[in-house]
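Using the sequences provided together with the hints, build the complete structure.
For the record, the sequence lines run as chains B and Z.
Heads up, the first sequence is in this note's numbering, so the first residue is 1 and it goes up one at a time.
Heads up, the second sequence is in this note's numbering, so the first residue is 1 and it goes up one at a time.
Quick caveat, the hints were computed from the structure, so don't treat them as lab data.
Please note that a few of the clues may not be correct.
To give a feel for the contact side, a few chain Z residues facing chain B, derived at Cβ under 10 Å [to be verified]: (1) K41; (2) D85; (3) S86; (4) T96; (5) G99; (6) F105.
Using C-beta positions, here's what the derived DEER-type ranges look like [as the list claims (entries may be wrong)]: (7) Z/E53 with B/P12: 39 to 47 Å; (8) B/E66 with Z/M98: 38 to 46 Å; (9) B/S80 with Z/R110: 32 to 40 Å; (10) B/R77 with Z/A3: 27 to 35 Å; (11) B/L7 with Z/N62: 17 to 25 Å; (12) Z/R110 with B/S26: 25 to 33 Å; (13) Z/K52 with B/E66: 33 to 41 Å; (14) B/P114 with Z/I55: 44 to 52 Å; (15) Z/N51 with B/Q45: 23 to 31 Å; (16) Z/R110 with B/L56: 19 to 27 Å; (17) Z/K9 with B/S52: 19 to 27 Å.
Ideal Cβ placement from N, Cα and C applies to all residues, glycine included.
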Amino acid sequence: AQSVTQLDSQVPVFEEAPVELRCNYSSSVSVYLFWYVQYPNQGLQLLLKYLSGSTLVKGINGFEAEFNKSQTSFHLRKPSVHISDTAEYFCAVSPETGFQKLVFGTGTRLLVSP
Amino acid sequence: DTAVSQTPKYLVTQMGNDKSIKCEQNLGHDTMYWYKQDSKKFLKIMFSYNNKELIINETVPNRFSPKSPDKAHLNLHINSLELGDSAVYFCASSLTMMGSNEQFFGPGTRLTVL
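Right, dumping it as structure tokens:
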């Protein structure tokens, strides 16, 4: 079984400041890792994913994430946030073998203010 | 063109009623999913279908019955609605059922049971 922990339920930050959203996971098997974003009153959309290879993954809207296997972490970063980045961010994992079954963290609300 | 669409967007009903939510994807994907997002934004998979066949059924009460008439549609029927069923229900699809795939989410259906 897998579990995902997002330690910060809310992260307030000022516009143009850097931000890091933390994600740790637990799994007895190898997993793929994902970050999804949910804008207010919308469905989720994929920001980025880690499948294999380079541990630094770049996604849409200037976001990137680093996979750290020893620390079982997949933290999301952006060097300079915009007001429009205000949203809920979900970290998720899925087993590498078998069919996709996303297990989500509880989400982190990123609140960007001017 | 909407990739994954759901109807209705809002559903308000009384306890004990039966209701359905419809989902359609025009992406040509093989796999479709239903998720429940509770009031704390926690997102949990309910069902997954691949080419009209059920592949994931996550300890969901049997009052919930998904139906896939073809691989572009996955509907959710709920019998004898309870207060605890109030949530946002998301439909999603992916190209195949492989764990590495991106999932595309619909806009959600907010169900309120009074």
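How the hints compare with the structure:
no.: 1; hint: K41; in the structure: holds (5 Å)
no.: 2; hint: D85; in the structure: violated (19 Å)
no.: 3; hint: S86; in the structure: violated (17 Å)
no.: 4; hint: T96; in the structure: holds (8 Å)
no.: 5; hint: G99; in the structure: holds (4 Å)
no.: 6; hint: F105; in the structure: holds (3 Å)
no.: 7; hint: Z/E53 with B/P12: 39 to 47 Å; in the structure: holds (45 Å)
no.: 8; hint: B/E66 with Z/M98: 38 to 46 Å; in the structure: violated (24 Å)
no.: 9; hint: B/S80 with Z/R110: 32 to 40 Å; in the structure: holds (34 Å)
no.: 10; hint: B/R77 with Z/A3: 27 to 35 Å; in the structure: holds (28 Å)
no.: 11; hint: B/L7 with Z/N62: 17 to 25 Å; in the structure: violated (36 Å)
no.: 12; hint: Z/R110 with B/S26: 25 to 33 Å; in the structure: holds (31 Å)
no.: 13; hint: Z/K52 with B/E66: 33 to 41 Å; in the structure: holds (39 Å)
no.: 14; hint: B/P114 with Z/I55: 44 to 52 Å; in the structure: holds (46 Å)
no.: 15; hint: Z/N51 with B/Q45: 23 to 31 Å; in the structure: holds (24 Å)
no.: 16; hint: Z/R110 with B/L56: 19 to 27 Å; in the structure: violated (37 Å)
no.: 17; hint: Z/K9 with B/S52: 19 to 27 Å; in the structure: violated (38 Å)
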